[in-house]
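K.L.:
Listed below are the residues making up each chain.
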Amino acid sequence: MNPESTGYKRDVIIQTTAKLMVPFILVFGLYVMMGSEGTGGGFQGGCILAAAYILYVTAFGTEKGRVMMPESWNTFFTSLGLYLYDGAGLVAIILSLAAAQFLNYSAIWPLANILGIAEARGYMVAFVVDVGIGITVMAAFVSQFFDLAWKEKEEEKGE
Amino acid sequence: MKPESLVGLLMVLFLAALFVYVVEDVPAFGDKYSPANRYVKLFSIDAEGLTESLEAGKVPPAIKNEVERIGFNKENNFPTLEEGAYEIERNEEEGGWDLLIAEGELYFKEPLKYYFVKEEDGKLTIYRYNWPVRVLEKAEEETAVINTVTAGLADYRGYDTMFEETVIFSGAVCVILLMRRRGRL
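Residue numbers (our numbering), protein chains in the order written: chain G, 434 to 592; chain C, 6 to 190.
Please note that the accuracy of each hint is not assured.
To give an idea of the chain C side of the interface with chain G (calculated C-beta under 8 angstroms), a few residues [what the hints assert, rightly or not]: (1) Val27; (2) Ala52; (3) Thr56; (4) Leu59; (5) Glu146; (6) Thr148; (7) Gly157; (8) Gly163.
Which chain G residues stay away from chain C? Per the calculated CB distances, all over 12 angstroms, these [stated by the list, open to error]: (9) Leu488; (10) Gly494; (11) Asp519.
Honestly, the hints are just simulated from the structure, not real lab data.
All residues carry an ideal CB built from backbone N, CA and C; glycine is no exception.
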C-alpha cells in the first residue's frame, strides 16, 4: 500500500516515542484496572488500555494497527468482558445450589474454603469483575475508533 | 436578537447561577459529619427521663412511637424498634447512643448502626445513619475488598455496574452496525 493514498506518512520521532510509551501505558492501565488496592477500577483501566492502543494506531497507521488487534479478536473481547461479569454472577448461583441470588458474591465463600484463601470473594471482585469491565471497555473503544478511522478501498479510490 | 437565542442565553445564565448556588451549598469537601456521609436529622424531643432508659438499653416508647409515626414502620419495610430486635451502644466520641438493628440479611446477620441519638442541652435529637457509614465501616469485613470504592461499585451495586457495562457493549454494537458497511449501501 503506498503512503500517498491514505495520507499516512512515516515519522521516526513519533513512532519511536509511541513504541517507548505504549508498554508503560499498558502496565499502568493494568495497575488501574485491578482495583483491589490503590485507585481506579475497570472503567478507567479499560480507557487507559484503549488509549495506549489508539496511540499505537495514530503513530503506525490503521493497517499495522489491525494486525496487532484483528477484527475477530476485537469482537471476541467486546463480549468476553460481559461474559466474565455475568459468569461471576452465575457462579454465585451455582456454588450456593440456587440458594443465593444472581451476583450475590457472598455465596462464593465455599470457593474460599476449597482454595484455602480467605479473600477469595475479594479476588473475585477485583480480578474477575473489574477485569471483565476493563476488557469490554477497552475492546468497545478500540472497535469504535477503528470503525471511524477505517477507510474502505472504494472510498480511497473515490477521494 | 432572536427570541430563541434569548431563551437559550437565559437558560445558560440560570444554569450557571444554579451551579454557583450548588457549589456554595454543598458541605465542605471531606467533612465526615455532612448529611451525605454521616446521618440525617429526623426529629428532636425533650430528654426528660429518657436518658436513663437509653442507658439501661431500652428505647423509650416516646422515641419509638415518633419514629414509627414519621414513616419508619413495618408498612414501609423498615425494621421496627421492638424489644430484643435492637441493641444500644454508648457512642462517647460523638456524645450519644447508637441504635443497632439486625436487618436479617441472608449472608450478613450482624446488627448495623441504624439510628443515632444525640444528647444536647437537655434535648435528644434522633438521626438516621446513612448508607456510606456502613460502606466505610463494614466494607472490608463484608466484601473482602480493600478498596471501599470498588466494594461499593462492584459488590453492593453490582447490578448497576453490570448494566453500565452492557450500555458500553451496546454502544460498540451500534457503531459496528452503523459504520462497518463493507460496501453495502
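K.L.:
Hint threonine 56 of chain C vs chain G: min CB-CB distance below 8 angstroms?
P.N.:
Violated - the Cβ of threonine 56 of chain C stays beyond 8 angstroms from chain G, reaching only about 39 angstroms at its closest.
K.L.:
Quick check on threonine 148 of chain C please, does its C-beta sit within 8 angstroms of some C-beta on chain G?
P.N.:
holds (6 angstroms)
K.L.:
Return the status of the interface hint for glycine 157 of chain C: holds when the least beta-carbon distance to chain G is below 8 angstroms, violated otherwise.
P.N.:
Violated. Min distance 10 angstroms.
K.L.:
Taking C-beta pairs only, is leucine 488 of chain G more than 12 angstroms away from all of chain C?
P.N.:
For leucine 488 of chain G, whose nearest Cβ neighbour in chain C is about 20 angstroms away, the distance exceeds 12 angstroms, so it holds.
K.L.:
Quick one, is the glutamate 146 of chain C hint okay against chain G at 8 angstroms, beta carbons?
P.N.:
violated (11 angstroms)
K.L.:
Min Cβ distance, leucine 59 of chain C to chain G: is it shorter than 8 angstroms?
P.N.:
violated (33 angstroms)
K.L.:
Mind verifying the non-interface call on aspartate 519 of chain G? Its CB should be farther than 12 angstroms from each CB in chain C.
P.N.:
violated (7 angstroms)
K.L.:
Verify that the Cβ of glycine 494 of chain G lies farther than 12 angstroms from every Cβ atom of chain C, and report whether the claim holds or is violated.
P.N.:
holds (19 angstroms)
K.L.:
Are valine 27 of chain C and chain G close enough, Cβ to Cβ, to be under 8 angstroms, as the hint says?
P.N.:
This interface hint is violated because 25 angstroms lies over the 8 angstroms limit.
K.L.:
Alanine 52 of chain C was flagged as interface toward chain G. Is the shortest Cβ-Cβ separation under 8 angstroms?
P.N.:
violated (40 angstroms)
K.L.:
Given glycine 163 of chain C as an interface hint, is its Cβ closer than 8 angstroms to any Cβ of chain G?
P.N.:
Hint holds; glycine 163 of chain C Cβ to chain G Cβ min 4 angstroms, cut 8 angstroms.
Comparing the model with each numbered hint stated earlier shows that hints 1, 2, 3, 4, 5, 7 and 11 do not hold.
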